[in-house]
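Residue numbers (this note's numbering), protein chains in the order written: chain A, 361 to 591; chain B, 10 to 90.
The set of hints was computed from the structure by calculation and includes no laboratory data.
Just so it is clear, the structure is predicted and the values come from calculations on it, not from any experiment.
Backbone N, C-alpha and C define an ideal beta-carbon position, used for all residues, glycine too.
Some hints here could point you the wrong way.
Computed list of chain B residues with no C-beta within reach of chain A, every gap over 12 Å [claimed, not checked]:
| # | residue |
| --- | --- |
| 1 | 43 |
| 2 | 57 |
| 3 | 58 |
Ranges of calculated distance between the beta carbons of each label pair, as one might list FRET restraints [to be verified]:
| # | chain 1 | residue 1 | chain 2 | residue 2 | range |
| --- | --- | --- | --- | --- | --- |
| 4 | B | 53 | A | 434 | 23 to 33 Å |
| 5 | B | 77 | A | 565 | 35 to 45 Å |
| 6 | A | 524 | B | 26 | 23 to 33 Å |
| 7 | B | 58 | A | 363 | 27 to 37 Å |
| 8 | A | 363 | B | 61 | 22 to 32 Å |
| 9 | B | 30 | A | 495 | 38 to 48 Å |
| 10 | B | 28 | A | 438 | 35 to 45 Å |
| 11 | B | 32 | A | 418 | 25 to 35 Å |
| 12 | A | 386 | B | 34 | 47 to 57 Å |
| 13 | A | 441 | B | 58 | 30 to 40 Å |
| 14 | A | 431 | B | 81 | 27 to 37 Å |
Now the stretches of chain A that chain B is said to cover, found in silico as 3 or more residues with beta-carbon under 8 Å [said to hold, decoys possible]:
| # | region |
| --- | --- |
| 15 | 415-428 |
| 16 | 462-468 |
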Amino acid sequence: MTERPRVAVVVFPGSNDDHDAAWALGAMGGDPVLVWHAEHQLPPDTGAVVLPGGFSYGDYLRPGAIAGVAPVMTAVCAFAQAGGPVLGICNGFQTLCEARLLPGALRPNRQLEFVCRDVRVKVENPSTLFTRRCEEAQQLVIPVKHGDGAWYADEGTFVQVAARGQIVLRYAEDVNGSLGNVAGVVNEAGNVMGLMPHPEHAVDPLLGSADGGLLLAALVDAAADHLRVAA
Amino acid sequence: MKAVVLVRPKDGILDPQGEAVQGSLEKLGFEVGSVRVGRVIDVDVTARDADDARAQVERMCSELLANPLIESVQIQVEPAS
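Generate the whole structure from the sequences, applying the supplied hints.
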């Protein structure tokens, strides 16, 4: 029997999907460990990191801005620079953009309303670490729940990001005014991804969809691969 | 030394909050062009002189106070009274 790869789930003050993320990662075969934001190191044998959804630091200043400079982020940045897989969900996506690990920024929804519902997202790039279990153009049903989910980048960045295949997921419809209907992006190296939809809330058909499990199971695979390479 | 940081949505960046405020002002009967909503941050900074204070606040802006992708900043330094 293979050992379950460890996935660190960072907990900031105001994170609220940390336990759901940990539960879902466990269901996908990972060994989730909650890590407090004030830690300076990730646990030994961490194979992947998840920054969960929520309202870290009450969304003060800008969503994800204060989390982006939390003590644990130095370790997360070092982990990412060493090639470790990092996934940011919703507030985690905002945090990765603020920490400049991902291109662009998340702005208030165009309609100025909080959106909370299942959306369809299309897999634009199935060859990333995070989408390896998906087919090209596959549509996934995953819930969103956010007030600041409109991804924005300047035109030059957008063209470059699109040309490099860094746009991983797009909404099948306009959900929040996001540029190019972008729902998820990956960094240039391909090991850091952020998305606004919540895959951890879509891992069981009983709750409407299990499509989020495809992304989280791929992350667990990536964690195992990373630990194998590091060993 | 006191510094005032004005953070605004960059020109050309959509500001839904400003649009909502504009709509409400119009409902109140005011004739307004555009409205943009930013933020004022007052910082009491320990510095040798005004230049040092400005340099420090500029670093604060690039590291935390503003996101240069979407926001512009204006810094005013006033000597402590």
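Checked hints:
1. Look at residue 43 of chain B: its CB is around 16 Å from the nearest CB on chain A, clear of 12 Å, so calling it non-interface holds up.
2. At roughly 25 Å from the closest C-beta of chain A, the C-beta of residue 57 of chain B stays outside 12 Å, upholding its exclusion from the interface.
3. With a closest Cβ-Cβ approach of about 27 Å to chain A, residue 58 of chain B is found to remain outside the 12 Å limit, as its non-interface label requires.
4. For the pair residue 53 of chain B and residue 434 of chain A, the supplied restraint of 23 to 33 Å holds, since their beta-carbon distance comes to about 27 Å.
5. A hinted range of 35 to 45 Å holds for the C-beta pair residue 77 of chain B and residue 565 of chain A, which are about 44 Å apart.
6. Here the CB-CB span from residue 524 of chain A to residue 26 of chain B is close to 32 Å, well matched to the stated 23 to 33 Å.
7. Checked against the given bound of 27 to 37 Å, the beta carbons of residue 58 of chain B and residue 363 of chain A, roughly 59 Å apart, lie outside it.
8. Look at residue 363 of chain A against residue 61 of chain B: about 54 Å separates their beta carbons, and that is not inside 22 to 32 Å.
9. Taken as a hint, the range 38 to 48 Å holds for the pair residue 30 of chain B and residue 495 of chain A, whose Cβ atoms sit roughly 45 Å apart.
10. For the pair residue 28 of chain B and residue 438 of chain A, the supplied restraint of 35 to 45 Å holds, since their beta-carbon distance comes to about 41 Å.
11. At roughly 27 Å, the beta-carbon separation of residue 32 of chain B and residue 418 of chain A lies within the given 25 to 35 Å, and the hint holds.
12. Taken as a hint, the range 47 to 57 Å holds for the pair residue 386 of chain A and residue 34 of chain B, whose Cβ atoms sit roughly 51 Å apart.
13. Range check, residue 441 of chain A to residue 58 of chain B: about 38 Å between beta-carbon atoms, so the 30 to 40 Å window is met.
14. One distance hint, 27 to 37 Å for the beta-carbon pair residue 431 of chain A and residue 81 of chain B, holds here, with the actual separation near 29 Å.
15. Coverage of the region 415-428 of chain A by chain B holds [criterion: at least 3 residues with CB-CB distance below 8 Å; count 4].
16. A stretch counts as covered by a chain when three or more of its residues have a beta carbon under 8 Å from one of that chain; for the region 462-468 of chain A and chain B the count is 4, and the coverage holds.
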